[in-house]
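*Asks:* What follows is each chain in one-letter form.
Number of protein chains: 2
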Amino acid sequence: MRLHLGLVHYPVYDKNGQRIASAVTPVDIHDLARIARTYGAGTFQIITPLRDQQELVDRIRTHWTAGFGASYNPHRREAVERVAIADSLEDGIRKIHAREGESPFVVATDARGQQENMLSFSDVHGLLREKRVVFLLFGTAWGLDRDVLQQADAVLEPIRGIDGYNHLPVRAAAAIILDRLVGVHP
Amino acid sequence: MRLHLGLVHYPVYDKNGQRIASAVTPVDIHDLARIARTYGAGTFQIITPLRDQQELVDRIRTHWTAGFGASYNPHRREAVERVAIADSLEDGIRKIHAREGESPFVVATDARGQQENMLSFSDVHGLLREKRVVFLLFGTAWGLDRDVLQQADAVLEPIRGIDGYNHLPVRAAAAIILDRLVGVHP
Chain A
0 MRLHLGLVHY
10 PVYDKNGQRI
20 ASAVTPVDIH
30 DLARIARTYG
40 AGTFQIITPL
50 RDQQELVDRI
60 RTHWTAGFGA
70 SYNPHRREAV
80 ERVAIADSLE
90 DGIRKIHARE
100 GESPFVVATD
110 ARGQQENMLS
120 FSDVHGLLRE
130 KRVVFLLFGT
140 AWGLDRDVLQ
150 QADAVLEPIR
160 GIDGYNHLPV
170 RAAAAIILDR
180 LVGVHP
Chain B
0 MRLHLGLVHY
10 PVYDKNGQRI
20 ASAVTPVDIH
30 DLARIARTYG
40 AGTFQIITPL
50 RDQQELVDRI
60 RTHWTAGFGA
70 SYNPHRREAV
80 ERVAIADSLE
90 DGIRKIHARE
100 GESPFVVATD
110 ARGQQENMLS
120 FSDVHGLLRE
130 KRVVFLLFGT
140 AWGLDRDVLQ
150 QADAVLEPIR
160 GIDGYNHLPV
170 RAAAAIILDR
180 LVGVHP
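Here the protein sequences come in this chain order: A and B. Position one of the first sequence corresponds to residue 0 (numbering that gives the first Met the number 0), numbered consecutively onward. Position one of the second sequence corresponds to residue 0 (numbering that gives the first Met the number 0), numbered consecutively onward.
In silico lysine to aspartate or glutamate, EDC-like type, Cα no more than 20 Å apart, as pairs:
(1) B:Lys-130 <-> A:Asp-162
(2) A:Lys-94 <-> A:Glu-54
(3) A:Lys-130 <-> A:Glu-99
(4) A:Lys-14 <-> A:Asp-146
(5) B:Lys-14 <-> A:Glu-77
(6) A:Lys-94 <-> A:Glu-80
(7) A:Lys-130 <-> A:Asp-152
(8) B:Lys-130 <-> B:Glu-99
(9) A:Lys-130 <-> B:Asp-162
(10) A:Lys-14 <-> B:Glu-77
(11) B:Lys-94 <-> B:Glu-80
(12) B:Lys-94 <-> B:Asp-57
If you are wondering where the hints come from, they were derived from the structure by calculation, not from laboratory data.
Produce the entire structure from the sequences given, and follow the hints as far as they go.
*Replies:* The structure is reproduced here in C-alpha cells:
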C-alpha cells in the first residue's frame, strides 16, 4: 500500500467561514500517528506554514522518537516516526513524489459532502489495491478551505452515522475512514 | 437501537499491570460523546468511583449543556447531553436497567483479544438489530481489568489493522468499533 495522510492547518475555515491557519493540537498528532501506523500509511504530514507550529511538531516528534518517550513507550515511537512536516499542500505532494517516485492522487475528506468529483470508500479502496500513491487529506478547525477541495483530484464521500449528525472530531473521522479504506473486516 | 457506552476508569491496568483508577481525560469525554451521538447510543457513562473525577465530568457536562458552551457550540451540546456518571459497572448496569426496563447484555472491548466468550462484530451487530439492550465497555489507561472482562457477558473481538500493531487510543478504537457495529456502510 502506498497511502500517505495529511492534516491540513492552512487553509481551513474557522467557525465563521473565514480562512485561517489553525493551531497544532498535540492529541491530533498522537492519534493520527497511531492510526497511520495501525493501517500502514507510509507518512503522516502535518501541513502548516507557521514556523512556531512546525517547531512544536518537531519537539513532539523528537520527544517520542529520540527523547525520554522513545524508551518509555516504544509503541508510540513506532507511530510518531511517521510524522513529517510540510509547509503547504504543494510541499507535501513534492515530498511524497520524492519518496514514491510518482505524484500522489490527492483525496480530500469533507464532512459536508459536495456533489462534484466525489469518490466512494470503495473507489478509493480500489485505488489503494491497484498500488496507486494516494494522499488523503484531513482538515482541522471547521474543515478544509474550498481551494483545497478544488486542488484535490477527488473528494471522499462523507461518513454517515444513523442520521444527519456529522460533527465527529477529526481524530475519530480519520480512524473510521482508514478502517473503511484499509481495515481487514471480518 | 438500545446501545449504551461506558468508559471505565476503575478497575483498569497501569503500564505495569497494576490495578488503578485512571484520571478522567476531557478529550475522551468530548470524542466519545460525539461518537455516541453520531451512531445513536442512548447514553455514554463515565465510570469512576472518585468524587473529584465525577465532579470534573459534571463541570464539563454543565458547561456544554447549560453554560456558555451550549450556545457557542450546539452540536457539542447534543453530544455531551448523553454523558452520564456511574460509580461502578454495577451502578452503570442499574442505571441502564432503570431506563430500558431490562438488564443490558454487557460487552467488553479489549485490544489483547482473549479466546473465551468472544463475539465477532457481526454477532454484536445482530444483537443490536434484535433490539437487545447492549452496554459496550471501553477501558482507559492500559485496558480493562480482568475482573471486568469476567463480569461482562462477552468480549468483542479486537480490531486488527494490517499487521499485529494494536495500540490505538480509546477514542479511535471507539470510533471504529461503533462504525463497524452501527455505521451504514455504502
